[in-house]
Amino acid sequence: DSQHVADNMPISLDTLAYDSAFVIEQNIRLYQDSEADFDARSSFYDVAMGDADPLGITVEQKVLSWSDAGDWLIVEYRIINTGRDTLASPTVGIFADWNIENVANNRMATDASRKLSYAWSTTSGRYAGYSLLTEGEALISAMEVDSTGPNDLTDASKFAYLSGALQQDSAGLTADGTNVAGFLSVRLDSLPFGESRKVAFALLGGAGLGDLQTHHDAALAHYQEYLAAPPSLSAVEVCADQEALIDPVEG
Numbered sequence: 081d082s083q084h085v086a087d088n089m090p091i092s093l094d095t096l097a098y099d100s101a102f103v104i105e106q107n108i109r110l111y112q113d114s115e116a117d118f119d120a121r122s123s124f125y126d127v128a129m130g131d132a133d134p135l136g137i138t139v140e141q142k143v144l145s146w147s148d149a150g151d152w153l154i155v156e157y158r159i160i161n162t163g164r165d166t167l168a169s170p171t172v173g174i175f176a177d178w179n180i181e182n183v184a185n186n187r188m189a190t191d192a193s194r195k196l197s198y199a200w201s202t203t204s205g206r207y208a209g210y211s212l213l214t215e216g217e218a219l220i221s222a223m224e225v226d227s228t229g230p231n232d233l234t235d236a237s238k239f240a241y242l243s244g245a246l247q248q249d250s251a252g253l254t255a256d257g258t259n260v261a262g263f264l265s266v267r268l269d270s271l272p273f274g275e276s277r278k279v280a281f282a283l284l285g286g287a288g289l290g291d292l293q294t295h296h297d298a299a300l301a302h303y304q305e306y307l308a309a310p311p312s313l314s315a316v317e318v319c320a321d322q323e324a325l326i327d328p329v330e331g
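Each residue of the sequence shown is one higher than the one before, counting from 81 in my numbering.
Heads up, a few of these hints could be off.
[As the list claims (entries may be wrong)] Derived DEER-like restraints, expressed as beta-carbon distance ranges:
id, residue 1, residue 2, range
1, L253, T294, 42 to 50 Å
2, Q304, T234, 32 to 40 Å
3, D99, L253, 25 to 33 Å
4, G216, V318, 19 to 27 Å
5, P230, R164, 34 to 42 Å
6, D249, E323, 39 to 47 Å
7, Q304, H84, 55 to 63 Å
8, A192, V316, 33 to 41 Å
9, D148, E323, 28 to 36 Å
10, D191, I326, 21 to 29 Å
11, E323, S276, 45 to 53 Å
No wet-lab data here; the hints were simulated from the structure.
For every residue, glycine included, the Cβ atom is placed at its ideal position computed from N, Cα and C.
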């Protein structure tokens with residue numbers, strides 16, 4: 081609910097003041113034993129903000145790319161419930177304040193079949209977007225930023241955008257566009273204590289919608305191959321006529 085929102089995103093698009101509900105646990109570092117050509121990892125956890133208790137989550141983040149990738153990369157978040165209670169249908173999402181060249185000439189639209197929300201400049205034709213790569217319904221909220229302000233983002237409004245209460249698939253479609261921003265999120269199943277869920281997004285760039293669609297398709301294919309080939313952490317040899325119990329320390 082709106083009393084339990086954890087984020088490090090702006091609280092105002094006018095002053096660029098930020099919330100700081102997440103604290104770094106592990107600084108970003110390169111990971112070598114990976115199916116991806118570039119694999120950077122970090123982790124962070126949420127802390128109490130104001131009168132609200134923390135959700136009790138740790139987030140393990142990966143940034144993935146490949147040598148044959150175009151203008152795209154993948155960001156994966158593993159959400160771990162480290163609190164005491166089950167999280168009922170938590171929502172996970174990302175936010176973008178699309179400032180593509182002249183911010184007054186931006187537009188947003190959606191390719192629902194690819195769970196893709198994108199923005200572009202009406203003057204230069206440059207495109208950027210993000211898409212959901214994992215299972216679940218993509219909740220897309222496109223918004224117009226008022227040039228005269230105020231453009232405050234309270235926890236209540238963030239929750240409304242992330243939860244899908246203010247879904248809108250386009251923005252800035254009148255005249256030559258306007259200043260736009262947006263949310264892309266997904267609602268997860270209930271998350272009991274000690275369990276985790278993965279959510280992955282592709283961040284895309286290109287010279288047109290066709291580029292973004294091609295890059296999304298490539299990112300999705302690479303990510304599915306990545307998930308299908310996890311690294312081998314160790315090798316165990318067991319005789320054919322003996323029983324074996326494998327009990328990893330970290331489960």
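Okay, the hints, checked on the actual structure:
Distance hint check for L253 and T294: the Cβ-Cβ separation is about 24 Å, which falls outside the suggested range of 42 to 50 Å. At roughly 37 Å, the beta-carbon separation of Q304 and T234 lies within the given 32 to 40 Å, and the hint holds. At about 30 Å, the CB distance of D99 to L253 agrees with the hint of 25 to 33 Å. The supplied range of 19 to 27 Å is broken by G216 and V318, whose beta-carbon atoms lie about 39 Å from each other.
Against the hinted window of 34 to 42 Å, the Cβ-Cβ separation of P230 and R164 comes to about 37 Å, which satisfies the hint. A beta carbon spacing of about 56 Å between D249 and E323 contradicts the range 39 to 47 Å that was offered as a hint. Our hint of 55 to 63 Å for Q304 and H84 is violated, since their Cβ atoms are close to 32 Å apart. Between A192 and V316 the Cβ separation comes to about 46 Å, which falls outside the hinted range of 33 to 41 Å.
Look at D148 against E323: about 45 Å separates their beta carbons, and that is not inside 28 to 36 Å. Separated by about 44 Å at the C-beta atoms, D191 and I326 break the suggested range of 21 to 29 Å. E323 and S276 have their C-beta atoms about 30 Å apart, which leaves the hinted 45 to 53 Å range violated.
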